[in-house]
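Q: Sequence:
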Amino acid sequence: MDYKKRSLAGQAYICDDSLYEEQKKCRKIIQKLNTHDCSDFGGLHRIVEELFGKCDEDTFVNPPFHCDYGKNIEVGKNFFANYNCTMIDVAKITIGDNCMMAPNVAIYTAGHPIYPTTRNTGFEYGKAVSIGDNVWIGGSTVICPGVHIGDNVVIGAGSVVTKDIPEWSIAVGNPCRVLRKITKEDQRILIHDEQIDTEAWNAILEKIDMK
Numbered sequence: 001m002d003y004k005k006r007s008l009a010g011q012a013y014i015c016d017d018s019l020y021e022e023q024k025k026c027r028k029i030i031q032k033l034n035t036h037d038c039s040d041f042g043g044l045h046r047i048v049e050e051l052f053g054k055c056d057e058d059t060f061v062n063p064p065f066h067c068d069y070g071k072n073i074e075v076g077k078n079f080f081a082n083y084n085c086t087m088i089d090v091a092k093i094t095i096g097d098n099c100m101m102a103p104n105v106a107i108y109t110a111g112h113p114i115y116p117t118t119r120n121t122g123f124e125y126g127k128a129v130s131i132g133d134n135v136w137i138g139g140s141t142v143i144c145p146g147v148h149i150g151d152n153v154v155i156g157a158g159s160v161v162t163k164d165i166p167e168w169s170i171a172v173g174n175p176c177r178v179l180r181k182i183t184k185e186d187q188r189i190l191i192h193d194e195q196i197d198t199e200a201w202n203a204i205l206e207k208i209d210m211k
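At position 157 of the sequence shown the residue is numbered 157 (the numbering used here), and the sequence of numbers has no breaks.
These are computed hints drawn from the structure, not numbers from a lab.
Take these hints with a grain of salt, some might be off.
Taking lysine to aspartate or glutamate and the EDC-like style, the derived pairs with C-alpha atoms no more than 16 Å apart in a straight line are [unchecked claim]:
#1 K77 / E49
#2 K207 / E194
#3 K77 / D56
#4 K207 / D193
#5 K71 / E22
#6 K25 / D56
All values derive from a computational prediction rather than experimental measurement.
Generate the whole structure from the sequences, applying the supplied hints.
A: If you want it as structure tokens, here you go:
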């Protein structure tokens, strides 16, 4: 059996010596990222380019950051992950454009069989996770294996996302559930019912017009 192919296909597999070797390479890059001068933004970006399977010129990851392979992570334009992000990428993690992750976000593609004697054989699985464009993930959110999050979604802090979340939604809780749809009425909201002040709103309108 080719366990790497099986893991990426979402089938049962064992983390064998060849996969451990790939993890060793990843850990060396992660060590370099997590001990690098945090004020050297360009240097941090270059290490992330070495680590991820795909990223853009404006991808930014605030260390510390942790993952298993790195090459199974693909992010779009303008991606930002804040401190202490963990991505267990035994299967693909695909993230769209303009996505932001607050501190302590965890994305898990890995899982293990429920029954103990089956689990104790060392077989496990990976199920791909995908996140659309324009998504904001709140702090300490956990995204579980196999989940798809649609475009233009906000996930509230502390959520545990076990099922797919449709586009244009605010979703919160454990397990994470859709609270409501995002509408045009939300465009000028800062937080709760507070509106963005006029000076900032005018600056935002200028930026929108330039795009």
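Q: Next, verify each hint and record whether it holds.
A: Taking the hints in turn, this is what the structure says about them:
The suggested pairing of K77 with E49 holds, with an alpha-carbon distance near 13 Å, which does not exceed 16 Å. About 21 Å separates the Cα atoms of K207 and E194, which puts this hinted pair outside 16 Å; it is violated. A hinted pair counts as satisfied when its Cα atoms are at most 16 Å apart, and K77 with D56 qualifies at roughly 5 Å. The straight-line distance between the Cα atoms of K207 and D193 is roughly 23 Å, outside the 16 Å bound, and the hint therefore fails.
Among the hinted pairs, K71 with E22 is consistent with the structure: their alpha-carbon atoms are about 10 Å apart, no more than 16 Å. Restraint check: the Cα-Cα separation between K25 and D56 comes to about 22 Å, which exceeds 16 Å; the hinted pair is violated.
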